[in-house]
Amino acid sequence: MAMPFREFFTEYGEAHQYEIQEVVGKGSYGVVAAAVDTHTGEKVAIKKIDNVLEHVSEATRILREIKLLRLLRHPDIVEIKHILLPPCPREFKDIYVVFELMECDLQHVIKANDSLTPEHYQFFLYQLLRGLKFMHTANVFHRDLKPKNILANADCKLKICDFGLARASFGETPSAIFWTDYVATRWYRAPELCGSFYSKYTPAVDIWSIGCIFAEMLTKKPLFPGKNVVHQLDLITDLLGSPSTEAISRIKNDKARRYLSSMKNKSPIPLSQKFPDIDPLALRLLERLIAFDPKDRPSAEEALAHPYFLGLANKEHEPSARPISKFEFDFERKKLAKEDIRELIYREILEYHPQMLQEYLHGTDNTSFLYPRIQLSNGMIMGLVDRPRSQQHCLLDFLFWMDELVLDRFLVSDTC
1 MAMPFREFFT EYGEAHQYEI QEVVGKGSYG VVAAAVDTHT GEKVAIKKID
51 NVLEHVSEAT RILREIKLLR LLRHPDIVEI KHILLPPCPR EFKDIYVVFE
101 LMECDLQHVI KANDSLTPEH YQFFLYQLLR GLKFMHTANV FHRDLKPKNI
151 LANADCKLKI CDFGLARASF GETPSAIFWT DYVATRWYRA PELCGSFYSK
201 YTPAVDIWSI GCIFAEMLTK KPLFPGKNVV HQLDLITDLL GSPSTEAISR
251 IKNDKARRYL SSMKNKSPIP LSQKFPDIDP LALRLLERLI AFDPKDRPSA
301 EEALAHPYFL GLANKEHEPS ARPISKFEFD FERKKLAKED IRELIYREIL
351 EYHPQMLQEY LHGTDNTSFL YPRIQLSNGM IMGLVDRPRS QQHCLLDFLF
401 WMDELVLDRF LVSDTC
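Residue numbering for the sequence shown follows UniProt numbering, starting at 1 and increasing by one per position.
Hints are not guaranteed to be accurate.
Unchecked claim - In silico BS3-like cross-links for lysine-lysine, where the CA-CA straight-line distance does not exceed 27 angstroms:
1) K26 x K93
2) K255 x K266
3) K43 x K221
4) K221 x K266
5) K264 x K274
6) K43 x K148
7) K26 x K81
8) K227 x K111
9) K266 x K148
10) K295 x K334
11) K295 x K252
12) K252 x K266
13) K335 x K295
Please keep in mind that the hints were generated in silico from the structure rather than gathered at the bench.
Work out the full structure: start from the sequences and follow the hints.
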């Protein structure tokens, strides 16, 4: 029986467009409900995020995720179809994000399905690497890949989700340094990150995670279910053998580095010996994906070219992305107040309301933000707004950047 929308929505005018079916998930963020878009008949998932601005750090994470999912549109990455317009732009507390509806996650598939074949595993991995290639060529690292963050349908379609911990790199090489207190569930965390809070990230950290997920698909058990950092390193080296001195030097955590250096020499266990019933080509690729030294792991593009995918891989269906502009994530380098984040989230919501976006950029809407609204000359703003829709995603943060760099050329408005 459908749930009355009033039990789910709070004063959102667009709520009447959706018929809520049932709650399919709950968490600290809020609730997810399955629904039907009454305009199209399409089944969707609506994620209600409660008190989005209660903590600036969490609001920043939400902003980052909805922005990345808009920029990374790809068949193997979950799609945001719409974000409901809040009734009061300056006072909204909750946001409603409409996703395509997926039936379950990969963790459920691995645990509950005994009828999967080697062809299923091959197709699953192919989709994950294809999505990862697109993400990495945009210079984005997911940093929290695990079975629960991969959605699945009965037709074997997978989609990567949960980009709250993802980061974009803006250097000449695809790597970045982040200070963070949490990156990836331990079982899927690359060894160079074990115990590390300050780390240089490369695409290889996601490749390791994909390797662990692939092994779990093949065996139905986590490959390295460590209870703590030391146990994690023990499990990894028990299988892969003692790492080289050069590989140990890439470990950022001093204690982990010393522990590995003092460890007695271990010989690697051939994967064919540990998993004798698995396709040798699959094991050959797995061996590369979980190489201890990140330099020995393939890129997603290289992995897609592996003989394991012969007959399945098709370069025409494996697109690359353009690197994301650093102006999209200028907010990451600023100390922003709650109201600043509110406006940036509102700007992002307007991407799904094109007419209101243009009114906002022209300053003809009825909102009344104080920060960081900019008034541009008519000629300049028309040149920006009239660009193709596919290019307009750069507009909002471009204006934000212009506000900071050339403030003397513009007037900051205290009204809309």
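Status of each hint after checking the structure:
About 18 angstroms separates the Cα atoms of K26 and K93, which keeps this hinted pair within 27 angstroms; it holds. Between K255 and K266, the direct Cα distance comes to roughly 19 angstroms. Compliance with the 27 angstroms bound is thereby established for this hinted pair. Annotation: proposed proximity of K43 to K221 is violated, straight-line Cα distance about 32 angstroms (limit 27 angstroms). Between K221 and K266 the alpha-carbon distance is near 23 angstroms, which keeps this suggested pair within the 27 angstroms criterion.
The hinted pair formed by K264 and K274 meets the criterion: a straight-line CA distance of about 21 angstroms does not exceed 27 angstroms. Under the criterion of a C-alpha separation no larger than 27 angstroms, the hint pairing K43 with K148 is consistent with the structure, at around 21 angstroms. Simply put, K26 and K81 have alpha-carbon atoms about 20 angstroms apart, close enough for the 27 angstroms limit, and the pair holds. Note on K227 and K111: the hinted pairing holds, with a Cα-Cα distance of about 20 angstroms set against a maximum of 27 angstroms.
Distance hint between K266 and K148 is unfulfilled; the C-alpha atoms sit about 32 angstroms from each other, more than 27 angstroms. Note on K295 and K334: the hinted pairing is violated, with a Cα-Cα distance of about 33 angstroms set against a maximum of 27 angstroms. For a cut-off of 27 angstroms, the pair hint linking K295 to K252 stands: about 15 angstroms separates their Cα positions. Only pairs whose Cα atoms come within 27 angstroms are accepted, and K252 paired with K266 is accepted, the gap being roughly 22 angstroms.
Taking the CA atoms of K335 and K295, the gap is about 35 angstroms. The hint is violated against a cut of 27 angstroms.
In summary, the structure is inconsistent with hints 3, 9, 10, 13 from the numbered list given earlier, while agreeing with the others.
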